[in-house]
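*Asks:* In order, the protein sequence lines correspond to chains B and R.
Position 35 of the first sequence, counting from 1, maps to 35 under this note's numbering, and the rest follow consecutively.
Position 67 of the second sequence, counting from 1, maps to 67 under this note's numbering, and the rest follow consecutively.
Among the clues, some could well be false.
[Stated by the list, open to error] Label-pair distances were calculated between CB atoms; the ranges are:
#1 R:T73 with B:N12: 23 to 31 Å
#2 B:E79 with R:R110: 40 to 48 Å
#3 B:N101 with R:A108: 44 to 52 Å
#4 R:A108 with B:E79: 47 to 55 Å
#5 R:A108 with B:G14: 52 to 60 Å
#6 R:T148 with B:E60: 50 to 58 Å
#7 B:L43 with R:T148: 30 to 38 Å
#8 R:T148 with B:P161: 52 to 60 Å
#9 R:T148 with B:G85: 17 to 25 Å
#10 B:A73 with R:N85: 47 to 55 Å
#11 R:N137 with B:S172: 24 to 32 Å
#12 R:D90 with B:R42: 48 to 56 Å
[Said to hold, decoys possible] With a Cα cut of at most 20 Å, we get these calculated PhoX-like pairs of lysine-lysine:
#13 R:K59 with R:K118
#14 B:K37 with R:K58
#15 B:K110 with B:K92
#16 R:K142 with R:K59
#17 B:K37 with R:K118
#18 B:K46 with R:K71
#19 R:K59 with R:K104
#20 R:K118 with R:K71
#21 B:K65 with B:K116
#22 R:K59 with B:K37
#23 B:K46 with B:K116
#24 B:K46 with R:K102
#25 R:K142 with B:K37
#26 B:K110 with B:K65
#27 B:K168 with R:K104
#28 R:K142 with R:K71
#29 R:K55 with B:K37
I should point out that these hints are in silico values taken from the structure, not numbers from a laboratory.
Every residue gets a Cβ at the ideal spot worked out from N, C-alpha and C, and that includes glycine.
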Amino acid sequence: MARKKRGAAEVNAGSMADIAFLLLIFFLVTTTIASDKGLAIRLPPKPDPNEPPPEVKFNERNIFKVLVNSSDAMLVQGEPMSDAGRLKEDVKAFVLNRGRNPNLSESPDKAVVSFKTDRGTGYEKFIEVYDELKGAYYEIYAEELGITADQVRSLEAEGEPSLQERYKELRSEIPMQISIAEPSKAGGN
Amino acid sequence: MSKFKKKTATSQDIPTSALPDIIFMLLFFFMVTTVMRETDLMVMQRIPQAEQLSKLQKKSLVSYIYIGQPKETERFGTEPRIQVNDVLIDPTGIVLFVNQEKDKLSEAEREQITMAMKVDREARMGIVSDVQQELRNANALKVLYTTTPESPVQL
Chain B
1 MARKKRGAAE
11 VNAGSMADIA
21 FLLLIFFLVT
31 TTIASDKGLA
41 IRLPPKPDPN
51 EPPPEVKFNE
61 RNIFKVLVNS
71 SDAMLVQGEP
81 MSDAGRLKED
91 VKAFVLNRGR
101 NPNLSESPDK
111 AVVSFKTDRG
121 TGYEKFIEVY
131 DELKGAYYEI
141 YAEELGITAD
151 QVRSLEAEGE
161 PSLQERYKEL
171 RSEIPMQISI
181 AEPSKAGGN
Chain R
1 MSKFKKKTAT
11 SQDIPTSALP
21 DIIFMLLFFF
31 MVTTVMRETD
41 LMVMQRIPQA
51 EQLSKLQKKS
61 LVSYIYIGQP
71 KETERFGTEP
81 RIQVNDVLID
91 PTGIVLFVNQ
101 EKDKLSEAER
111 EQITMAMKVD
121 REARMGIVSD
131 VQQELRNANA
141 LKVLYTTTPE
151 SPVQL
């Protein structure tokens with residue numbers, strides 16, 4: 001009996017591609033790519049109403065003052081500064097002064113960067129300046145540890161235990177003290 | 001001549017059976033890397049760029065606060081507003097919102113709650129600091145200003 005020669009049984013896969021595309025497009029539309037990155041801040045705890053506010057005695061030279069007004073103009077240590085990019089170098093020089101220059105900080109652990117804005121200051125400017133301030137500290141850590149600033153930032157989550165240990169020590173030696181003051185009322189809403 | 005004729009007998013179809021596999025691969029990639037949109041944004045969100053980014057560790061501990069100009073300006077005005085969970089609220093509502101979010105977490109994790117602030121770049125610091133004061137009142141002290149990584153080309 002002669003048998004008909006059959007070809008290999010094939011499923012028509014063309015429509016399967018269409019279905020997959022449909023699903024793909026559905027997911028593209030209904031989902032967002034997670035963008036959970038940003039500048040982390042730890043707010044100071046609420047002052048206890050029963051206790052008098054602690055008396056803060058700061059040596060004037062240990063405070064690095066950055067002011068941004070409602071028209072986004074910057075005043076750094078009393079001097080106007082137009083370019084936020086220069087801020088990093090200034091902060092680094094200020095923190096790592098170790099008492100050499102009488103106008104700059106006494107020691108890294110006493111140095112405080114004070115950042116004050118107006119209510120009318122643009123959020124974008126705030127982020128730009130805060131980014132620079134944080135960047136200065138990360139660069140200091142990076143130089144001390146001999147790695148790049150990117151690696152320092154990832155150290156907070158994961159990394160070699162020995163390196164993390166050193167990073168922890170460094171953080172207590174040179175704490176990242178960026179104080180964000182409550183904005184003044186000018187130009188706000 | 002016959003040598004060449006043989007070739008024409010082969011089928012002209014391009015095998016497409018691998019195509020669904022490729023598309024499914026793409027599909028799975030998107031399913032894994034993305035999250036469902038959980039809220040409908042009622043405020044503008046043009047996130048500023050920054051360099052010194054840290055990544056969020058635990059997503060379950062994160063709640064989002066959106067600040068920006070309302071999209072429906074004829075209904076809500078042009079001033080930046082605060083949005084949480086599909087509603088626009090005043091800064092005074094933040095404490096309630098934080099407590100609701102904290103209730104969703106287990107006892108041990110409550111103090112670890114992180115508030116991610118997604119703020120439009122056109123917003124002003126006034127509203128941002130109002131929210132921050134309320135967060136201090138609500139004892140939610142970990143705040144993350146969501147930013148996108150800096151791209152070499154400025155938009």
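*Asks:* Now tell me, hint by hint, if it's right for this structure.
*Replies:* The hints, checked one at a time:
{"no.": "1", "hint": "R:T73 with B:N12: 23 to 31 Å", "result": "violated, 52 Å"}
{"no.": "2", "hint": "B:E79 with R:R110: 40 to 48 Å", "result": "holds, 45 Å"}
{"no.": "3", "hint": "B:N101 with R:A108: 44 to 52 Å", "result": "holds, 47 Å"}
{"no.": "4", "hint": "R:A108 with B:E79: 47 to 55 Å", "result": "holds, 48 Å"}
{"no.": "5", "hint": "R:A108 with B:G14: 52 to 60 Å", "result": "holds, 54 Å"}
{"no.": "6", "hint": "R:T148 with B:E60: 50 to 58 Å", "result": "violated, 38 Å"}
{"no.": "7", "hint": "B:L43 with R:T148: 30 to 38 Å", "result": "violated, 23 Å"}
{"no.": "8", "hint": "R:T148 with B:P161: 52 to 60 Å", "result": "violated, 31 Å"}
{"no.": "9", "hint": "R:T148 with B:G85: 17 to 25 Å", "result": "holds, 19 Å"}
{"no.": "10", "hint": "B:A73 with R:N85: 47 to 55 Å", "result": "violated, 37 Å"}
{"no.": "11", "hint": "R:N137 with B:S172: 24 to 32 Å", "result": "holds, 29 Å"}
{"no.": "12", "hint": "R:D90 with B:R42: 48 to 56 Å", "result": "violated, 25 Å"}
{"no.": "13", "hint": "R:K59 with R:K118", "result": "holds, 15 Å"}
{"no.": "14", "hint": "B:K37 with R:K58", "result": "holds, 12 Å"}
{"no.": "15", "hint": "B:K110 with B:K92", "result": "holds, 14 Å"}
{"no.": "16", "hint": "R:K142 with R:K59", "result": "holds, 13 Å"}
{"no.": "17", "hint": "B:K37 with R:K118", "result": "holds, 11 Å"}
{"no.": "18", "hint": "B:K46 with R:K71", "result": "violated, 34 Å"}
{"no.": "19", "hint": "R:K59 with R:K104", "result": "holds, 13 Å"}
{"no.": "20", "hint": "R:K118 with R:K71", "result": "holds, 15 Å"}
{"no.": "21", "hint": "B:K65 with B:K116", "result": "holds, 8 Å"}
{"no.": "22", "hint": "R:K59 with B:K37", "result": "holds, 11 Å"}
{"no.": "23", "hint": "B:K46 with B:K116", "result": "holds, 19 Å"}
{"no.": "24", "hint": "B:K46 with R:K102", "result": "holds, 18 Å"}
{"no.": "25", "hint": "R:K142 with B:K37", "result": "holds, 14 Å"}
{"no.": "26", "hint": "B:K110 with B:K65", "result": "holds, 14 Å"}
{"no.": "27", "hint": "B:K168 with R:K104", "result": "violated, 32 Å"}
{"no.": "28", "hint": "R:K142 with R:K71", "result": "violated, 28 Å"}
{"no.": "29", "hint": "R:K55 with B:K37", "result": "holds, 5 Å"}
Checked against the numbered hints above, the structure violates hints 1, 6, 7, 8, 10, 12, 18, 27, 28; every other hint is satisfied.
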